[in-house]
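Asker: All letters in the sequence shown, in the order written, are residues 0 to 383 by numbering that gives the first Met the number 0.
Hints should not be assumed to be uniformly reliable.
Restricting the straight-line Cα-Cα distance to at most 16 Å, the calculated cross-link-like pairs of lysine to aspartate or glutamate (EDC-like) are [as the list claims (entries may be wrong)]:
| id | residue 1 | residue 2 |
| --- | --- | --- |
| 1 | K316 | E127 |
| 2 | K375 | D289 |
| 3 | K218 | D289 |
| 4 | K250 | D302 |
Quick list of simulated restraints, FRET-style, between CB atoms [unchecked claim]:
| id | residue 1 | residue 2 | range |
| --- | --- | --- | --- |
| 5 | L321 | S232 | 55 to 65 Å |
| 6 | L180 | A205 | 25 to 35 Å |
| 7 | T272 | T246 | 51 to 61 Å |
If you are wondering where the hints come from, they were derived from the structure by calculation, not from laboratory data. Just so it is clear, CB atoms sit at the ideal spot from N, CA and C, and this is done for glycine as well.
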Amino acid sequence: MIGNDSDNIGAQRRLLRRIFLSSASTLVLCALASSAFAQETASAAQPATTETAAAPDDLQVVVVTGIRNALQSAATIKRKASTFVDSITASDVAALPDLSVAEALARVPGVTVTRFSIGGSPDFPSPEGRGNLIRGLGFVRSEFNGRDAFSANGGRSLDWSSIPPQLVGGVDVYKNASADLIEGGIGGTINLRTLEPFDRKGYFAAVSMDVNYGDLAKKFSPSYNGVIGNRWSTSIGEFGLMGALSTSNLKSAYNGWQQGAPIPRSDLVDGQTVGVVEGFQLRTSDIDRDRSSAYLAGQWKNDTMRLTGKYIRVVNKTEKFLSIRSNPSRMAATTRTIPSPTRPTTQVGLRPASIDVMCRRLTQMQTRRAALISAKPNFRSMAA
């Protein structure tokens, strides 16, 4: 019995030893598997970290173009300015059905357009905008690419109707005075910026044609515009060149009537005061406007410098045929007596004392030439 008990105890010990060894082996294998899984997880997570780190670099190369870019450019100029500034870009001007820069500026808040051609008189309206007022004030200073602009119309401001909108890169309207602006603009300052080759990424070309019809003139008025440009990378830097041609014709007419205020007279009818018209005018006018422009711009830049050269020539010719029928003197009174069985009646009539007919042809021609050469450091490249 004792021998059998010893054998049973030995068998139990061997069984326990085997169970212990099996458990130890299982634990070792589990530990190795966990280590391998951790290494694979770390290896798989490493590319994810790289992609996450590269995400900001990908976002930095996002370029906004088109209408959204135009809105951002105008908002950036307004935000960074130290005074009240509103801007319109080339996309804004091209999207509007305006015949000149003056009419496009009328869409800026606080800017109005004047439509009187001769001395600002409302008796001589113009079919298109001639000048601009800022917040209702005149004496607006004009700048062309940041420099003083002259005009051939006898005023101190530029005739914006002579500038075709196809040459505009942007317009900045300064409504208040600022230390960095030249004095002279009581109402404000308007700066027109023309197109530049570096405004586009590469080759670009555009051709457009418009036709207007005048109801009173009974004539069609065509307009043709074309622009082409490109930029190249060379061993000495980047070079860009562009040119634009524009021709526009506008035929219009208007009719007007003017009558003087009645003048009270008591010598025509006994015991009565009647009003006698002082005079009248009947105007008929035919207007034919021809405008042609040529524009050439070149740019060059390297890591430290940028050179810009521009040349523009605008010829604006306006012919106006004016016919005026008027009586410069007061109306003459005529009286007649109508017989009546009971009481004669006196009627007072009016007839023109004289009628003058005047016809004249007015020809106004403006020729504008401007050349600009500027050089400035390339701050962006120097900072990089």
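Asker: If a hint holds in the structure, say so; if it doesn't, say that too.
Answerer: Cross-check of the supplied hints:
no.: 1; hint: K316 <-> E127; verdict: holds (14 Å)
no.: 2; hint: K375 <-> D289; verdict: violated (37 Å)
no.: 3; hint: K218 <-> D289; verdict: holds (14 Å)
no.: 4; hint: K250 <-> D302; verdict: violated (50 Å)
no.: 5; hint: L321 <-> S232: 55 to 65 Å; verdict: holds (57 Å)
no.: 6; hint: L180 <-> A205: 25 to 35 Å; verdict: holds (33 Å)
no.: 7; hint: T272 <-> T246: 51 to 61 Å; verdict: holds (60 Å)
Going through the hint list in order, the structure does not satisfy hints 2, 4.
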